[in-house]
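There are 2 protein chains.
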Amino acid sequence: MTANDRLSIIPLGGVNEIGKNMYVIQCGDDLVVVDCGSKFPDESLLGIDVIIPDITYLIENESSVRGLVVTHGHEDHIGGIPYIIKQLNMPIYATRLTLGLIKAKLKEHGLLSSTKLHQIDAQSEIALGQLPVSFFSTNHSIPDCLGVVFHTPQGTIVHTGDFKFDLTPVNNQYADIHKMAEIGKNGVLALLSESTNAERPGFTPSERLVGANIHDAFTRAEGMIYITTFASNVHRLQQIIDAAAKTNRKVTLAGRSMVNVVDIASRLGYLTVPQSILVEADEANKYKRDEMVVLCTGSQGEPMAALGRIASGNHRQFGVSPGDTVIFASSPIPGNERNVARIVDNLFEKKARVIYGAGSNTGMHVSGHASQEELKLMLTLMKPQYFIPIHGEYRMLHLHQLLAESVGVEASNIFILNNGDVVDFAGSEAFQERNVPNGDTYVDGLGIGDVGNIVLRDRKVLSADGILIIVITFGKGENKIISGPDIISRGFVFAKESEGLMDEVSRITLQVMEQRLETKLHRPWGLYKREVKEAVGNFLYAKTKRRPMILPIIIQV
Amino acid sequence: MTANDRLSIIPLGGVNEIGKNMYVIQCGDDLVVVDCGSKFPDESLLGIDVIIPDITYLIENESSVRGLVVTHGHEDHIGGIPYIIKQLNMPIYATRLTLGLIKAKLKEHGLLSSTKLHQIDAQSEIALGQLPVSFFSTNHSIPDCLGVVFHTPQGTIVHTGDFKFDLTPVNNQYADIHKMAEIGKNGVLALLSESTNAERPGFTPSERLVGANIHDAFTRAEGMIYITTFASNVHRLQQIIDAAAKTNRKVTLAGRSMVNVVDIASRLGYLTVPQSILVEADEANKYKRDEMVVLCTGSQGEPMAALGRIASGNHRQFGVSPGDTVIFASSPIPGNERNVARIVDNLFEKKARVIYGAGSNTGMHVSGHASQEELKLMLTLMKPQYFIPIHGEYRMLHLHQLLAESVGVEASNIFILNNGDVVDFAGSEAFQERNVPNGDTYVDGLGIGDVGNIVLRDRKVLSADGILIIVITFGKGENKIISGPDIISRGFVFAKESEGLMDEVSRITLQVMEQRLETKLHRPWGLYKREVKEAVGNFLYAKTKRRPMILPIIIQV
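So the protein lines, in turn, are chains A and B.
Residue numbers in the first sequence follow the working numbering, run continuously in steps of one, and reach 1597 at the last position.
Residue numbers in the second sequence follow the working numbering, run continuously in steps of one, and reach 1597 at the last position.
FYI, nobody ran anything at the bench for these hints, they're computed from the structure.
A couple of the hints might just be wrong.
The list treats identical chains as one, so a pair stands whether inside a single copy or across any two.
Think about it this way: if two alpha-carbon atoms lie no more than 25 angstroms apart in a straight line, the pair counts; the simulated PhoX-like pairs of lysine-lysine are [stated by the list, open to error]:
1. Lys1585 <-> Lys1500
2. Lys1143 <-> Lys1585
3. Lys1583 <-> Lys1145
4. Lys1328 <-> Lys1290
5. Lys1585 <-> Lys1573
6. Lys1326 <-> Lys1391
7. Lys1585 <-> Lys1145
8. Lys1585 <-> Lys1126
9. Lys1390 <-> Lys1219
10. Lys1290 <-> Lys1143
11. Lys1569 <-> Lys1585
12. Lys1585 <-> Lys1147
13. Lys1391 <-> Lys1328
14. Lys1500 <-> Lys1573
15. Lys1423 <-> Lys1326
16. Lys1583 <-> Lys1500
17. Lys1585 <-> Lys1390
18. Lys1583 <-> Lys1126
Note that the coordinates shown come from a computational prediction; the quantities given were computed from them, not determined experimentally.
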């Protein structure tokens, strides 16, 4: 295989996880990146703000990198961009709304002027280096989403992006099912298709269903209406605004991301806001409670987002009165149930009516991702020779594989990959035998990748039982303790409640150190430190069943 | 009101929360405690093992305390017993199985011989001091559950314990609906009823449904069967053992709590294990894979429980082969979804068939708590004059109140309480005007209540950004720095990756300290420490957007 007929597919993020999507298509000397997402850390990654893909492989192949194609504007597809662009600048290709959201991020990080941005749409046909790339439109929970088609000499590679089939979409933004059929008819060498809802049977309901239910709820509501959803779900926002208009209510916005998205989306024409329906938050009190809808952030129960502060009575402009209606036009993402529940508790205490729970029960939310029948429809349309399920944790990829087999893809032609695994093509034969550097890069404050396992392990120990610092000062040259042991604890236990304990720690420390004084053996200080750590650690564990970090500090003067 | 006609109801734990149930009935000079549960800490309570009720009020009224009545053997009703008994010994009244589980706990804490235990059953009629107490049997997800009836001079107080109405119970352990009807007919002054499932419409399905589905799944299974459920769900264990017997499989146990409960429950006659069906784990390999059922702990995705270790390939005796069936006879408790998902991922990677998800979808689990129609049935049977919804977070109590109103309880006669709130009765008039000490007592290792807010706040700071310790030694008397600043960090960032940063911290510290040297002002050392903390903190935040704990230590020699 020469460099010229080289064709490889490499996920650098997004398989065996939900988040930090990044896929590489390498064809001849051209390397194209699809998406550049971020992921939220789980609670074991103490202090980490966000996780992005490790792009060592891209940096090693910098001269081949032709650009970044972005399928849509969700955080798990664009959230890594400012951090990655700092490491490797590359031109970005995306649709108008997606670019609008990316620009806001680049601006915040001072990278807007130094990054080349190219606006495309579903009809665009571009060449990235020698590689022709085209697109098709899909439905999802944000407008302007793309599937991506790579026309390589070996055959066509299709990346679906995130999708569902919404046959009655809001704003009539149809998925281009005819173009998909044509692509499939012409032959697809490999399909990369998203797997988020591979566990869900059936067909995801249309977004329009939510609009009808929201309208009904608005009709029945008596006081103020608070309604929360993901700010990026522009079609949902449109339906909420439409329902407000039909029920003669004004709309005001609460929460920074809600204000930002409504601003960007209405400026770019994705959101139609009828004349004079939008009211500034500070002016809302000019209207009666039953004339207002407050569209809030905080659908996942974030205590500091708008709805969280409204529910706890800590919002500057809005409060809940008995009889107000609060609607969660959302489902809690697994892990967020308890935060959402806290907010519902607060709202009930203020005697609000609250519509909450899973979207499938309340009808106030539908997923943006394809369920099993839609995944099978995509596989049937594309008829791929090879199939790579992407965008999901292992069980989703596994179930997506079973769906693919059920519609006729050969089991041996399906690759469930780890991040970094390379699928190479020789002619139209695919095989998976090698991998490239990959992993999670942690962002903590301004640091990208400087927090590693040792730091995290220390944070873990500190978080569970705190720290005990033992300072002891030796006279230089002579073996004499001239100060200490001084014992300082943080996060362990109050010194005043445990004076006896600290006296004992002091005694144990001296016992170890006195060996040195007595024997005048000049063993390295590190050995004494280790002995103090062990002796004090064992003593404290026996007395308290706790294991604080023990940090002996020996000063020589 | 004299002490003699005094009647009060006080929750010390269990309202506005799920967990640490403890309710006090005080009648004349007799104080009776119902239940003594524990609660798991949420992730913000770093390092805390378990939470129990604050029993200051019981200790203040020690001479009136007649005993602890325990409704059933779940952790949220018995988990606090060993810790509370250490603070206040009192006789315990419970049914045979519940006592068996309590004894195991007391033994572990060395308290068995010093605690008075009284076995009761649903027919018992006892007097606690002057107060007659009787009971009625209920259905729940553990056998031998009680409702409690207090026959006070002012009227009858009923505490339901945890319950559902299972009209086709396993082992024919019927709830005594006739006795409940009689109690209600004779008049109930106040009802305390549990609210766990007040958010769920309908009627909770019978446990028998699960048995039928487990049997069907066993019939279809080909390889080894792993099945996991809560160990304390003895009726579920019985149905699993029965299904194994009918499908000619042996059963073995994996996990300490599974072994303990099967031992206690079969010894006491609550579990009928057919001759020779139970096989030691070490002997399981004598049987073919399709002749075995492994009954495991780990239904909530605990990585170190039996199923977690089996799934990750780290169990001493058991491993998963392709085609094995794994059944979650459980629903993930909110917050545990991600841990369960990790285990399913591992099982799919090993090519197992896995039945998982919410019990309402899989049919492999039903709740042990009454849904809305059953709560209304209990309210209808009891016809209470006053109603206190207990055992639930605020939204559950609130919805339970609405249910009570819907079946005719007067809204003004319903009390939604906080822990510590006292409902006092004067004659048959109830009012809520005062409260008693209450709260969460944290258990950390061997310490009960010694970890407070300052320690937790320190752990929080340490967990997010670590600690930076700055040690500086001054010569005594003279204003001269003779050693340092030495800078040590843990959980912040590697020193080697940030030498420049540490040099700067050193310089800033010296700058502050040199004021002292120059002015020879003997301001208190604490002021200098505070200044170092501030200057270094601001510098590090500007450079890193992180806020480690900064701990200046000044040694004088």
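With 25 angstroms as the alpha-carbon cut-off, assign the pair Lys1390 and Lys1219 to within, between, both or neither. neither (52 angstroms within a copy, 38 angstroms between copies)
Evaluate Lys1585 and Lys1500 at a C-alpha cut-off of 25 angstroms and name the case that applies: within, between, both or neither. both (17 angstroms within a copy, 20 angstroms between copies)
Indicate which option fits the pair Lys1328, Lys1290 if close means a Cα-Cα distance not exceeding 25 angstroms: within, between, both or neither. within (10 angstroms within a copy, 70 angstroms between copies)
Please work out whether the CA atoms of Lys1583 and Lys1145 approach to 25 angstroms or closer within one copy, between two copies, in both situations, or in neither? between (52 angstroms within a copy, 20 angstroms between copies)
At most 25 angstroms between alpha carbons: which applies to Lys1569 and Lys1585, within, between, both or neither? Cα proximity of Lys1569 and Lys1585: one copy only (22 angstroms, versus 32 angstroms across).
As a check of your reading, is Lys1585 near Lys1126 (CA-CA no more than 25 angstroms) within one copy, between copies, both or neither? between (46 angstroms within a copy, 17 angstroms between copies)
Under a CA distance limit of 25 angstroms, which applies to Lys1143 and Lys1585: within one copy, between copies, both, or neither? between (52 angstroms within a copy, 23 angstroms between copies)
I want to check one pair: Lys1585 and Lys1145. Are their C-alpha atoms no more than 25 angstroms apart within a copy, between two copies, both, or neither? Answer is between; shortest inter-copy Cα gap is 18 angstroms, intra-copy 47 angstroms.
Up to 25 angstroms between alpha-carbons, please classify Lys1585 paired with Lys1390: within, between, both or neither. So Lys1585 and Lys1390 fail the 25 angstroms test inside a copy (43 angstroms) and across (37 angstroms) alike.
If the cutoff is 25 angstroms on CA atoms, where do Lys1290 and Lys1143 land: within, between, both or neither? Let me know, please. Classified as neither: same-chain Cα gap 30 angstroms, cross-chain 63 angstroms, threshold 25 angstroms.
Checking an output row: Lys1500 and Lys1573, CA cutoff 25 angstroms. Within, between, both or neither? Both. Shortest intra-copy (18 angstroms) and inter-copy (23 angstroms) distances satisfy the 25 angstroms Cα cut-off.
With identical chains treated as interchangeable, where does the CA-CA distance between Lys1326 and Lys1391 reach 25 angstroms or less: within a copy, between copies, both, or neither? within (23 angstroms within a copy, 63 angstroms between copies)
Hints 9, 10, 15 and 17, counting from the list given before, are not met by this structure.
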